[in-house]
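Kindly produce the complete structure, drawing on both the sequences and the hints.
Protein chains: 2
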Amino acid sequence: MKDSHDVVLAANAVYYQAFENQDIAQMTAIWENSDRTVCTHPGWPTLHESTPILQSYDAIFRGPQTLQVILTNERVRIDGDIAYVTVDENIVDQGAHASAAAALNMYARHGDQWQMIVHHASPIMRR
Amino acid sequence: MKDSHDVVLAANAVYYQAFENQDIAQMTAIWENSDRTVCTHPGWPTLHESTPILQSYDAIFRGPQTLQVILTNERVRIDGDIAYVTVDENIVDQGAHASAAAALNMYARHGDQWQMIVHHASPIMRR
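Chains as they are written, first to last, in our numbering: chain A, -3 to 123; chain B, -3 to 123.
Quick caveat, the hints were computed from the structure, so don't treat them as lab data.
Among the hints, erroneous ones may be present.
As the list claims (entries may be wrong) - Take a look, some chain A residues computed to stay more than 12 Å from chain B by CB distance:
(1) Glu16
(2) Asn17
(3) Thr62
What the hints assert, rightly or not - Quick list of the computed label-pair ranges, beta carbon to beta carbon:
(4) A:Asp89 <-> B:Ser95: 25 to 35 Å
(5) A:Asn17 <-> B:Gln90: 43 to 53 Å
(6) B:Gln64 <-> A:Gln13: 35 to 45 Å
(7) A:Phe57 <-> B:Pro41: 25 to 35 Å
(8) A:Gly76 <-> B:Asp(-1): 17 to 27 Å
(9) A:Asp2 <-> B:Gln22: 35 to 45 Å
(10) B:Gln13 <-> A:Ser95: 33 to 43 Å
Since we're looking at a predicted model, the values are computed, not measured.
A virtual CB, placed ideally from N, CA and C, is assigned to each residue, including glycine.
In structure tokens:
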């Protein structure tokens, strides 16, 4: 059996792969389908539960931009059936414009799989 | 024994009371003293572990502003020894300037107490 930290990191990689590839099916699969899911995109109010969360990704994916997300400072903590990952999202658009967000992603264990229950990304302001 | 949801909500109230009262002793007590703590203030990069986190509150408290935080949309979920609260922080300064942040606060159970392990607040942009 693989180390849980590696499995959580792999789930986190799938999340960002789905985001970069604008793949709504993969995004739907990585999220837990439940009423405890929470998503806060940078600058957005918090969305609760699967339907509005997946609709928000669909809306983002239908937008004009494709975004590359380079991850730095990725850290994982696991407590029982809950894991949380902190990571900096270094976001580059097609115009080579860069911005950064501080993300907290929570995952819940389902057997040997982990599914996302929280994504909270906040813009890091330049000082 | 009180319902765990109520105890988590009480811990969350203590956090905001400590913030409003600029009470660093109370703030120190509500945070878990461990290496798994994470704090992201609105617009800030993520801080890890107790010392830099408590230093950040100390720096905020030494600033010129006292802030009132009115909480709305508070929701609690508990999974084992981990709880998370989502809440909107409606922040009013002494000049009656208002701003809003979307917060995710995580708590860990210690017997019948809950201590904060994550505070992540992101600015809600006006659209």
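Status of each hint after checking the structure:
The claim that A:Glu16 is not at the interface with chain B holds, since no C-beta of that chain comes within 12 Å of its own (minimum 21 Å). Distance check for A:Asn17 against chain B: the nearest CB is about 25 Å away, which clears 12 Å, and the non-interface claim stands. For A:Thr62, the condition that its CB be more than 12 Å from all CB atoms of chain B holds, with the nearest at approximately 22 Å. Taking the beta carbon of each, A:Asp89 and B:Ser95 are about 26 Å apart, inside 25 to 35 Å as hinted.
Between A:Asn17 and B:Gln90 the C-beta distance comes to about 48 Å, which sits within the given range of 43 to 53 Å. At roughly 42 Å, the beta carbons of B:Gln64 and A:Gln13 sit within the given window of 35 to 45 Å. At about 27 Å, the beta-carbon gap between A:Phe57 and B:Pro41 stays in the expected band of 25 to 35 Å. One distance hint, 17 to 27 Å for the beta-carbon pair A:Gly76 and B:Asp(-1), holds here, with the actual separation near 20 Å.
Our hint of 35 to 45 Å for A:Asp2 and B:Gln22 holds, since their Cβ atoms are close to 39 Å apart. For B:Gln13 and A:Ser95, the Cβ-Cβ distance of about 34 Å falls inside the hinted range of 33 to 43 Å, so the restraint holds.
In this structure, none of the earlier numbered hints is contradicted; all agree with it.
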